[in-house]
Amino acid sequence: MTITSQDSVFNDGKDQRLLKPRLTSIRFQFKNTVEKDFDNLFGKHGELFSTVSLTDVKSVLTNLGTKLKSIAQDKTNINDYSTWFSLTFRQQHRLIGTPSLREIEIPGQYTSKKKPFVEHHIKIVGFDEKILVLQSLRLPKRLTIRGHDENDYPFLVKGGEDIRQDQRIEALFSIMNDLYADDPNCNQSNSAHIAVRTYKVIPMSSKLGMIEWLDNTRPLKELIESSYTPEQAIIAQGQHPRKLYQDYVTKVFQNAKPTAKSTSNTIMYAELFLSLTKAQVEDEFNKIQSVIPSDLLRRAYYKIANS
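Throughout the sequence shown, residue numbering follows UniProt numbering, covering 1 to 307 in sequence.
Think of the hints as simulated: they come from the structure by calculation, not from any bench.
C-beta: ideal position from N, C-alpha, C; glycine also.
Just to be clear, a hint being listed does not mean it is correct.
List of simulated lysine-lysine pairs, BS3-like, C-alpha gap at most 25 Å [to be verified]:
1. K251 - K278
2. K130 - K115
3. K257 - K303
4. K221 - K303
5. K251 - K75
6. K75 - K130
7. K31 - K123
8. K251 - K287
9. K67 - K44
10. K114 - K130
11. K67 - K200
12. K287 - K243
13. K130 - K113
14. K67 - K287
15. K141 - K44
16. K200 - K113
17. K113 - K123
18. K67 - K36
19. K303 - K67
20. K31 - K303
21. K141 - K67
22. K67 - K123
23. K207 - K221
24. K130 - K257
25. K44 - K75
Beta-carbon label-pair distances, calculated as ranges [as the list claims (entries may be wrong)]:
26. F173 - E105: 35 to 45 Å
27. S53 - A195: 31 to 41 Å
28. K115 - D152: 21 to 31 Å
29. V196 - S275: 30 to 40 Å
30. R299 - S82: 15 to 25 Å
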């Protein structure tokens, strides 16, 4: 990890340890995991590069993402991802006097409704050492920022996705709330206040951004899966719909190409599309769907209802 533009922001000349690039545990573990595969494929010094086939490269790259995901999902400390980041904000008692550090604001404090009063904005004084890794496709991380007002501000950091559309949707909801607030029929004292709960979305690039974390919320998948009865949960462990579907796609591919080596899910799905009729696919879909209790979502809402 090489520090470039961050030098001018955090270099106060007092602690040179902040400027030394360090290999974090997640990168070190990933290096050890893939180094042997790359050495075997390209050679220790790249001497086999010209003889490598496209098939071999695809095979290694297919396994690359799986290995990285398995490594990342168990890492729950900031230090695992960035020793520089962790070390910088762990030394607040000595660095808080640095103007550049003192003026870093917590994201999401600017709106289009009023002129910002920057002097009243909440500044960052540190971060929680622990992060929460969500088990969705991109493995987003919940990062907790500590403000100078002694409050914590959790955010979900998402990589690999463009969240600018999410930002515009939340802006639309905010406008809707303003309209509701100005409508007497929606804001009467004897009726419930009508409003859509919104949250801050901060795109940092086309593939990276932060989303305000709302307390007292749960992912829909977790909410639904928590509605299994103990007996159904045991069955689901061995007959998870995703596993049943993956086994089915693999079986179709192996039947169509019995001598073929293991390949990507995309290629196997393409073979399923070419080999089977619509009726065959629908029949298998219904079998997999029957494993899921039909009233899981109703149970979930019933459990969280006030009455």
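Hint by hint, here is what the structure shows:
About 17 Å separates the Cα atoms of K251 and K278, which keeps this hinted pair within 25 Å; it holds. For the given pair, K130 sits about 35 Å from K115 by alpha-carbon distance, which is inconsistent with the 25 Å threshold. With a CA separation close to 48 Å, the supplied pair K257 and K303 exceeds the 25 Å bound. Between the alpha carbons of K221 and K303 the distance comes to roughly 15 Å, so the proposed pair stays at or under 25 Å and holds.
This hinted pair does not check out: K251 and K75 have alpha carbons roughly 34 Å apart, beyond 25 Å. Between the alpha carbons of K75 and K130 the distance comes to roughly 9 Å, so the proposed pair stays at or under 25 Å and holds. The straight-line distance between the Cα atoms of K31 and K123 is roughly 36 Å, outside the 25 Å bound, and the hint therefore fails. About 15 Å separates the Cα atoms of K251 and K287, which keeps this hinted pair within 25 Å; it holds.
About 21 Å separates the Cα atoms of K67 and K44, which keeps this hinted pair within 25 Å; it holds. Between the alpha carbons of K114 and K130 the distance comes to roughly 35 Å, so the proposed pair goes past 25 Å and is violated. A distance of roughly 32 Å separates the Cα atoms of K67 and K200; the hinted pair therefore is violated under the 25 Å criterion. Only pairs whose Cα atoms come within 25 Å are accepted, and K287 paired with K243 is accepted, the gap being roughly 13 Å.
Of the pairs offered as hints, the one joining K130 and K113 is violated, with about 35 Å between alpha carbons and a cut-off of 25 Å exceeded. With a CA separation close to 31 Å, the supplied pair K67 and K287 exceeds the 25 Å bound. With a C-alpha separation of about 34 Å, the suggested pairing of K141 with K44 is violated against the 25 Å cut-off. Restraint check for K200 and K113: the C-alpha separation of about 14 Å stays at or below 25 Å, so the hint holds.
Straight-line distance between C-alpha atoms of K113 and K123 comes to about 21 Å, which keeps the hinted pair within the 25 Å bound. Proximity of K67 to K36 is assessed by CA-CA distance (about 13 Å); at most 25 Å being required, the pair is judged to hold. Annotation: proposed proximity of K303 to K67 is violated, straight-line Cα distance about 37 Å (limit 25 Å). At roughly 45 Å between alpha-carbon atoms, K31 and K303 are farther apart than 25 Å, so this suggested pair is violated.
The hinted pair formed by K141 and K67 meets the criterion: a straight-line CA distance of about 18 Å does not exceed 25 Å. Taken as a hint, the K67 and K123 pair is broken in the structure, with Cα atoms around 37 Å apart against an allowance of 25 Å. About 24 Å separates the Cα atoms of K207 and K221, which keeps this hinted pair within 25 Å; it holds. This hinted pair does not check out: K130 and K257 have alpha carbons roughly 47 Å apart, beyond 25 Å.
Our distance criterion of 25 Å between C-alpha atoms is broken by K44 and K75, whose separation comes to about 29 Å. Separation of F173 from E105 is about 23 Å and departs from the stated range, judged on CB atoms against 35 to 45 Å. In this structure the hint that S53 and A195 lie 31 to 41 Å apart at CB is violated, the actual value being about 59 Å. Against the hinted window of 21 to 31 Å, the Cβ-Cβ separation of K115 and D152 comes to about 27 Å, which satisfies the hint.
Between V196 and S275 the CB atoms are about 46 Å apart, so this pair departs from the stated range of 30 to 40 Å. Roughly 41 Å separates the CB atoms of R299 and S82, a value that falls outside the hinted 15 to 25 Å.
When each numbered hint is compared with the structure, violations occur for hints 2, 3, 5, 7, 10, 11, 13, 14, 15, 19, 20, 22, 24, 25, 26, 27, 29 and 30.
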